[in-house]
Amino acid sequence: MSPYRDYELKTEVMKERWRDLQENVYEEMERYYKENRLNVYSIIKKVYHITPQRLKNDPSVEIIDFALYMLVHFSNDPLEKIATDLKDVTVDHLLIIKNDNSSHKKYEKEKIRFFDFLKSDFLNSQYLNLAFAEDIEAML
1 MSPYRDYELK
11 TEVMKERWRD
21 LQENVYEEME
31 RYYKENRLNV
41 YSIIKKVYHI
51 TPQRLKNDPS
61 VEIIDFALYM
71 LVHFSNDPLE
81 KIATDLKDVT
91 VDHLLIIKND
101 NSSHKKYEKE
111 KIRFFDFLKS
121 DFLNSQYLNL
131 AFAEDIEAML
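Numbered per UniProt numbering, the sequence shown spans residues 1 to 140.
Calculated from the structure, these hints are not laboratory results. Using N, Cα and C, we set each Cβ at its ideal position, and we do this for glycine too. One thing to keep in mind: the hints can contain errors.
In silico DSSO-like cross-links for lysine-lysine, where the CA-CA straight-line distance does not exceed 27 Å [stated by the list, open to error]: (1) LYS98 to LYS10; (2) LYS15 to LYS105; (3) LYS105 to LYS81; (4) LYS119 to LYS34; (5) LYS87 to LYS34.
Ranges of calculated distance between the beta carbons of each label pair, as one might list FRET restraints [as the list claims (entries may be wrong)]: (6) ASN129 to HIS93: 33 to 41 Å; (7) ASP100 to ALA133: 35 to 43 Å; (8) GLU110 to ASP20: 37 to 45 Å; (9) HIS93 to MET139: 47 to 55 Å; (10) ASP92 to GLU16: 18 to 26 Å; (11) LEU140 to LYS106: 29 to 37 Å.
Based on the sequences and whatever the hints tell you, model everything.
This is the structure in C-alpha cells:
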C-alpha cells in the first residue's frame, strides 16, 4: 500500500498534469505502453499462448489478428523475433498486419477495450507518481 494513496495534490502544476492525464488517458496509455513495451508485450503474448489452437486457426476469430496487431504496433522488436516467440506465426503474416492501413480503424474499439481493462491501474500508478514527485519537490 502506497503512502500516497490518499494524497491530495497541492500545486496547480500537478493538478493540471493530473487533469491532462485524465482527459487524454488513451493517448497517454498508448504512449506509455509504447515506451514500456514489455508490459503490453507480455500481456498479449500470454493471451496468444493460452488461446486454444482451434481458435488460432479459425479465420472467423479476429482476436488472434487483434493480438498480433497489438504486438506489431506496440513492440519495437523485429517481426522475426515476434514470429520466433509465437512459433506458429510467420513474418509474412506479421508484415501483412503491419502494412494493413485499415487495421487501425478496424481495431480501434478493441484497442480502447484493451486499454479500458488497464486504465484503472494505469491512472492509479500515474497519480502516485505525481504525488511522489510533488512531495519530493516540496522537500527540496
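These are the hints, each one checked on the structure:
no., hint, verdict
1, LYS98 to LYS10, "44 Å, violated"
2, LYS15 to LYS105, "33 Å, violated"
3, LYS105 to LYS81, "26 Å, holds"
4, LYS119 to LYS34, "15 Å, holds"
5, LYS87 to LYS34, "23 Å, holds"
6, ASN129 to HIS93: 33 to 41 Å, "38 Å, holds"
7, ASP100 to ALA133: 35 to 43 Å, "40 Å, holds"
8, GLU110 to ASP20: 37 to 45 Å, "25 Å, violated"
9, HIS93 to MET139: 47 to 55 Å, "53 Å, holds"
10, ASP92 to GLU16: 18 to 26 Å, "47 Å, violated"
11, LEU140 to LYS106: 29 to 37 Å, "49 Å, violated"
Going through the hint list in order, the structure does not satisfy hints 1, 2, 8, 10 and 11.
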